Structure formats: structure tokens, C-alpha cells
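Chains E, L, R and A are the protein sequences, given in the same order. Position one of the first sequence corresponds to residue 235 (our numbering), numbered consecutively onward. Position one of the second sequence corresponds to residue 235 (our numbering), numbered consecutively onward. Position one of the third sequence corresponds to residue 235 (our numbering), numbered consecutively onward. Position one of the fourth sequence corresponds to residue 235 (our numbering), numbered consecutively onward.
By construction, these hints were calculated from the structure, which means they are not laboratory data. Remember, predicted model here, so these are calculated numbers, not experimental data.
Copies of the same chain look alike in the list, so a pair counts if it fits in one copy or across any two.
Mimicking BS3-like on lysine-lysine, the simulated pairs with C-alpha atoms at most 27 Å apart in a straight line are:
1. K376 x K340
2. K340 x K244
3. K357 x K251
4. K376 x K251
5. K357 x K340
6. K239 x K340
7. K240 x K340
8. K251 x K239
9. K376 x K239
10. K240 x K251
Letter by letter, the chains look like this.
Number of protein chains: 4
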Amino acid sequence: MTLSKKITAKIRDSFAKQAMMATFGAQVGEIAAGQVTLSAPITDACSQQHGFAHAAFTFGLGDSAAGYSALSIMPLEAEVLTSEMKIHLLAPAQGTHLQAIGRVIKPGRRLVIVQAEVFAIDKDSRTQVALMTGTMVPILPK
Amino acid sequence: MTLSKKITAKIRDSFAKQAMMATFGAQVGEIAAGQVTLSAPITDACSQQHGFAHAAFTFGLGDSAAGYSALSIMPLEAEVLTSEMKIHLLAPAQGTHLQAIGRVIKPGRRLVIVQAEVFAIDKDSRTQVALMTGTMVPILPK
Amino acid sequence: MTLSKKITAKIRDSFAKQAMMATFGAQVGEIAAGQVTLSAPITDACSQQHGFAHAAFTFGLGDSAAGYSALSIMPLEAEVLTSEMKIHLLAPAQGTHLQAIGRVIKPGRRLVIVQAEVFAIDKDSRTQVALMTGTMVPILPK
Amino acid sequence: MTLSKKITAKIRDSFAKQAMMATFGAQVGEIAAGQVTLSAPITDACSQQHGFAHAAFTFGLGDSAAGYSALSIMPLEAEVLTSEMKIHLLAPAQGTHLQAIGRVIKPGRRLVIVQAEVFAIDKDSRTQVALMTGTMVPILPK
Chain E
235 MTLSKKITAK IRDSFAKQAM MATFGAQVGE IAAGQVTLSA PITDACSQQH GFAHAAFTFG
295 LGDSAAGYSA LSIMPLEAEV LTSEMKIHLL APAQGTHLQA IGRVIKPGRR LVIVQAEVFA
355 IDKDSRTQVA LMTGTMVPIL PK
Chain L
235 MTLSKKITAK IRDSFAKQAM MATFGAQVGE IAAGQVTLSA PITDACSQQH GFAHAAFTFG
295 LGDSAAGYSA LSIMPLEAEV LTSEMKIHLL APAQGTHLQA IGRVIKPGRR LVIVQAEVFA
355 IDKDSRTQVA LMTGTMVPIL PK
Chain R
235 MTLSKKITAK IRDSFAKQAM MATFGAQVGE IAAGQVTLSA PITDACSQQH GFAHAAFTFG
295 LGDSAAGYSA LSIMPLEAEV LTSEMKIHLL APAQGTHLQA IGRVIKPGRR LVIVQAEVFA
355 IDKDSRTQVA LMTGTMVPIL PK
Chain A
235 MTLSKKITAK IRDSFAKQAM MATFGAQVGE IAAGQVTLSA PITDACSQQH GFAHAAFTFG
295 LGDSAAGYSA LSIMPLEAEV LTSEMKIHLL APAQGTHLQA IGRVIKPGRR LVIVQAEVFA
355 IDKDSRTQVA LMTGTMVPIL PK
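So here's chain E without its partners, still in its complex pose (with noise of 0.2 Å):
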């Protein structure tokens, strides 16, 4: 389903707002109504003991990625917060890049219930390195 302008120039603001995206190097890639891709690098400033991506960063990307899948389904006004998510992490996230798809699961007026699914990408190869399902809530203006 194609998504206005106005609720894709929405989610770019958001997006551009959150310094944590930034120090992530994050960019939005493909925004439509329910489902939403980011990607980052895997650098240096982001990574664990081992040089993977560190766990607060896959988790920061797949939830970012979640949290913009159900605003692309509420109102213009609309805000979201998560609620609770979890997240498994099914492999090292080892490679050049980080993806993350998020995805709705269930819309609705007063929680939104999302998942996503992160990937590390490597020259040659794409690898799950984790799973995560949660609870968005819709913030509308009073």
C-alpha cells in the first residue's frame, strides 16, 4: 500500500530527530504502511568485546524499525512509544551493515503490536541476528 507524503515526510522528521540514529549512522530505507526498513553500519563506536554490533544497537535499530512500522499506520497527529519489547538474538551480528524490517502484527486504537527482524548483511551473505516482538502505543494530541 503506497503511504501519503505527508506521513513518509513525518517519519523522516522523527527520524532526523533521534541523535541516537545518528551516532548509530542509521538511514531509513523503504517506508510503507506497516512496514518499515532501516540500516546502519557496523563500525567501531557500536560494537562489543568481540567487534560484533553491540546487542543495544541491533536492539535500537529493530525497535526504531517497529516503532516507525505502526506510525505509518496511525493518524498524522499520532505519536507512538514502546512499550515492552523483547528481543532474541539469534546470531553474531557480524558484517559490513545492519538491517532491520519492522512490521505490524496487529494495529489498533490503543496498542499496536509489532515485530522485526534484524539482519547482519556481509559481502555475500545476509544472516538473522535477531528477532523481536512488542507493544507500541499510540500518542494522540489531547
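Start from chain E and add chains L, R and A according to the hints.
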């Protein structure tokens, strides 16, 4: 319980090698058997769109505190990996610092169940901003 | 905090209508504002292949205790639904009874974050067998 | 992938010993390597206060399907325990039957990451009522 100097040194060494923790400006606080405290200033570089600490930052500090609490009760040659972690975000992470207290809930040879509580510290207040529970996996040399 | 008789009666009425609780042989224990205790005998009908209480039984008792702890702090006309729940199974549920203590972690108009601890009671012992955290949604008449 | 008759028989034997599954009236459906389906009628005995399937019933069927999916890829002498499981309840479990499909997400010698989807089946409809992800632990004889 007092920890051996070797275990304490091992935790400090491992922490020093996590570049993500340096990017967060994080520091190790108290280290006891089964409980480790970390703290970090809330800076612009790790904030979300409203200027509060980003969920990735809160998650990362809590996950590391929990992981080191598990490491504190393992044999000296062991390392530890997060297998899964759930975070409930309870309040906006607003203030000067984050403090994360990781604790072992149930030790085990193959799995260690852990908890972390994360607090936002301001001049006159200390507010719990996250509750986390998760599974750590000991890695032993073969 | 003491609860009004109306809230206490409402919790007992709701519990009595849950046939699954009768199948478990469960009973309501102490009801306080934000904390509710349930218990049930460990019988053959609700066991797994080794004769311990089945995870579905442990989960159900903990989930209900947590749900009623949320209901205890809501307006009289409200009902409550579980949106999500995570359970860590910490030890085999062996003994004569299960006891579940549900507690509100963070109240809210739209979401209530809850915790439950489940214990296996035997003649001379009380062992924690599960730790649960979850999200309850208040349902108000329109 | 086809499973050996021995593995299939082992899963049916283990299922037959779970009294809780008999109380639910549950039956084993398709057994494949890494995927097992269970189903059960929605009866009064396993309902909540509105007559829908109780969350304990939904959880129990999904957890067992997920556990048997893990068992299906383990050595013949192994058993399996749930360490942790998260359930998102997506819709009221209304209809004639529940169907749970358990699937291995990531196999492992020490941990198996699993998923389960639970559906409510009615005359003309099939609605997903739960999404679960969890951690199974293989138990091998010493």
C-alpha cells in the same frame, strides 16, 4: 558476598573492551557476586526525539549490567552471551544520569536468568524507567 | 491499602465465572489494592509428563493473579484483558500446591504493567517456580 | 523433511503422558521436522469469564506445540523443557477449536529458539489469536 579480585578485574577488562559502552559514556559502579551496577550520563548523542534517553541506551545499559551480574558468578575462564531479553519501559528517561542494576535471579550451568532495573537520576529524584528480564548463556572454553 | 467491599466482591465474582480456574481447582486468597494471591492443588489432571504441574497451569494461575491485581486498582465498572505476558520457568513445579502472587508494577489509564511470582508449596518448602511480567489492558464501558 | 518413525512415536508417547493435554482434550496433528501442530476443542471447562478459550489453554497448546517442534529435531534420547515463553494475545479465542502450530526458529545444542502461532477455528473462519516466542532447553541423559 565479596568477589575475588580476579573476577572484578575480568569484569572491568571486558567492560573496557565494549566500545558501545564508551560511546554511551558508561562506567562500572559496584560489583558484587550476582549484582552489578552501571551508570552513564544522559547526553544529546544518545537521546530520542524528545531529548530523553533513547530506548537503545536504556536497553544497552540494563543488558550489560545483567550480563555482568551473570559473569560475576561464573568460573574465571567463562564468558557470557545474551540469548533473549524483555524490556518494559515504565517512564520517560529524563534527568542527568541513567543507573542500571543487574541481578541474577536464577544461576545455572547452562542458563542464567537475570533481571535489570534502570533508573533515571535527576538532582532530587530517582525514577525507575525500565524493568528487564532475560536469559544469559555461559560460554566456556572447550 | 484496604479495598472497598465492592471491588473485592467484583474480583470474587469474576473469578467464579472462569471455568478454567474451577478446572484447576483454584481459589482466591488475599486481595489487596494492587496485589492478589491465588492458590490451587497440584493434581494429576493438570500435570505434565513427569507429574509436575504443567506450564499451562502455572501460567494460568500467575496470569490470573496478575490480572486481578490490575483489576483491584481500576474503577468498579472496568474489566481487564491480558495483552502480553512473559514467563520464566525457574524450577520444576513439584509439591502439593501452587501459589501465585500478582502485583501491579506500574498503573496506568491505558496499560497496567504487572508481575507475578508463582511458588510450589510442599510440606516443608516453598520454591519459586515462575517469574512473569506482562501488560494488562483496562476495558471500560463506552 | 520426513521424520523417523521413532521420533514420531516418541512425540506421541510424550504427548499421551501429559494429563493436562487430556484435560484440554488436545490431539496431535501433523508432525514434521521442526514443526508440530496440535488442536483442541474449545469447551466450557477451559474457558474464561466471557466463554472464550482461557489464556492458560491458549498458552498451554502453543507451548506444547513449540516444545514438540524442538523435540522433533533432537536426538532420540533427548527431552525438552521450556525455559521462557512470551505470548501476545491478539484476538478473543472464539470458535469451535484451537489450533497451535509450533516451529523451530533457531536450532542449537544448548538452546532451541521456537515460535508458536495459535488460531481459533470456527465454521467459516480461522483467526490468529496468539503469537508466542520462547526458549527450549534440550535435556540429554548423562
